[in-house]
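Dock chain B against chain A, hints included.
Residue numbers (the numbering used here), protein chains in the order written: chain A, 1 to 142; chain B, 143 to 246.
Bear in mind the hints are in silico, worked out from the structure with no lab data behind them.
Hints may be right or wrong, so weigh each one.
Here chain B is said to cover these stretches of chain A; the calculated rule only asks that three of the stretch's residues, wherever they fall, bring their Cβ under 8 Å from a Cβ of chain B [to be verified]:
no. : stretch
1   : 9–18
2   : 29–38
3   : 106–118
Taking lysine to aspartate or glutamate and the DMTMM-like style, the derived pairs with C-alpha atoms no more than 20 Å apart in a straight line are [said to hold, decoys possible]:
no. : chain 1 : residue 1 : chain 2 : residue 2
4   : B       : 217       : A       : 39
5   : A       : 60        : A       : 39
6   : B       : 217       : A       : 71
By construction, the Cβ of each residue, glycine as well, lies at the ideal position given by its N, Cα and C atoms.
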Amino acid sequence: MRNFLYTAVLALVIGAVATAGFYFLQRDPELSRAARAQDAMAWLRLEFHVTAAQEAAIAKLQSEYAVVCTDHCLAIAAARKRTAPAAEIAALEKTCIDAMRQHFTQVAALMSPGEGRRYLDEVLPRIDSYNHAASPNVGGMN
Amino acid sequence: MKTNMNAPESDGAVSQALADWRLAPRRDPGFRSAVRARLAAPGGLTWLGYLRLHAVPVAAACGLALIAGSWLGQKQASERAAADRAQLAESYVRALDARTMALP
Chain A
1 MRNFLYTAVL ALVIGAVATA GFYFLQRDPE LSRAARAQDA MAWLRLEFHV TAAQEAAIAK
61 LQSEYAVVCT DHCLAIAAAR KRTAPAAEIA ALEKTCIDAM RQHFTQVAAL MSPGEGRRYL
121 DEVLPRIDSY NHAASPNVGG MN
Chain B
143 MKTNMNAPES DGAVSQALAD WRLAPRRDPG FRSAVRARLA APGGLTWLGY LRLHAVPVAA
203 ACGLALIAGS WLGQKQASER AAADRAQLAE SYVRALDART MALP
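Chain B extracted, bound-state conformation:
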C-alpha cells in the first residue's frame, strides 16, 4: 500500500514526530583541540586558507612591511644623495686647493 505523503493525516504524523524529536548530543571537550590539530596537520589547511583565516594580522604585517620598506628605501636614497653631494663638494674644493696638491 502506497503512502501519500501529501495526505493531511501523514503531514500530521510527520509534524508530530518532528515535534517529539529531541537531540541530546554528547559534549566533546576535545572538539576544539581536535579541529585545531586537524588544521595544523600537514595538508590540513592550505596557505590561502591560512591567509583567509588570519586576514587581519596578515594584512597588518604586509602593511607594516610596505611602510618599513618604503621608509628604508627613501632613507637609503637620501643618504646616498647626501654622500654623493659631500664627495663632489669635497673633491671640487680640494681640486682648487693648492695646499692639498703634490707635485709629480
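Same shape as in the complex, but just chain A:
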C-alpha cells in the first residue's frame, strides 16, 4: 500500500510538473502584461502585428478621435442628466456609434488587410454588445 501511494504521488508530481511546464511554455506573458496594464496599444501591437509606423498613425488617429468622443460623451451625459426624451438620447447614441464605426474602420485601414479584417471582427461586435444596464464607469480615455 505504501509503495502504491508513493507511485501515485510520483504520477501526480509528473502531472503537476507537466501542467506547470506546458502552461509557462505556452502562455503569452506580453499579452498578460498588456491586459493587467489595460494597454490598448500593446494589444494592437501584439494581436494585429502593428508596426511602429502603423502604431504612430493609429495613436494620432486615436487622439483625434478622443476629442470627438469627448464631445459625444458630454452631449449624452447632458441629455441623460436633464432626462431628455428617449428619442433624443437614442439619436445621440447613434451618432456616437457611427463615429466609433468610422474610427475603427479608419484604424483597420492603417493595418495590413488581413489584420484589419481581424481587428474589425474583434471590435465591431463589441459596439453592439453594449448593455446600458451594465455600463462601466469609465473615467477617461486612452
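Relative to chain A, chain B alone:
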C-alpha cells in the same frame, strides 16, 4: 585412506548416486500467498523493487500523467490568453465608447 575424487571408480559411484537421486518435494499450497505476504509486509519490498515489479503499469500511469498534465497546461494557457484578449478588446472598445462614460 585418502579418496581420489578423480579416480574413474569414484566418478562412477558419484554418477550412480546422482542418477539414483530422486527429489520428491512436498507441495506447499500456501507458497504463493506466503511470498505475497512477505512482499507486502513492511520492509518486504523497497519502492524501487515495487517499481521494477510493476514496471508496465507504473510507466503507463506516469505517461498518462504526463499527457494529461501537458494537455491541462496548454488548455489553461490558451484560456488565459483568450481571457486576456477579450479583456483588452472590451476595455479598448469601452474606452472609445461615449455611451459608457460617466462625467466626474
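Here is how each hint holds up against the structure:
no. : hint         : verdict
1   : 9–18         : holds (count 8)
2   : 29–38        : holds (count 5)
3   : 106–118      : violated (count 0)
4   : B:217 x A:39 : violated, 25 Å
5   : A:60 x A:39  : holds, 16 Å
6   : B:217 x A:71 : violated, 44 Å
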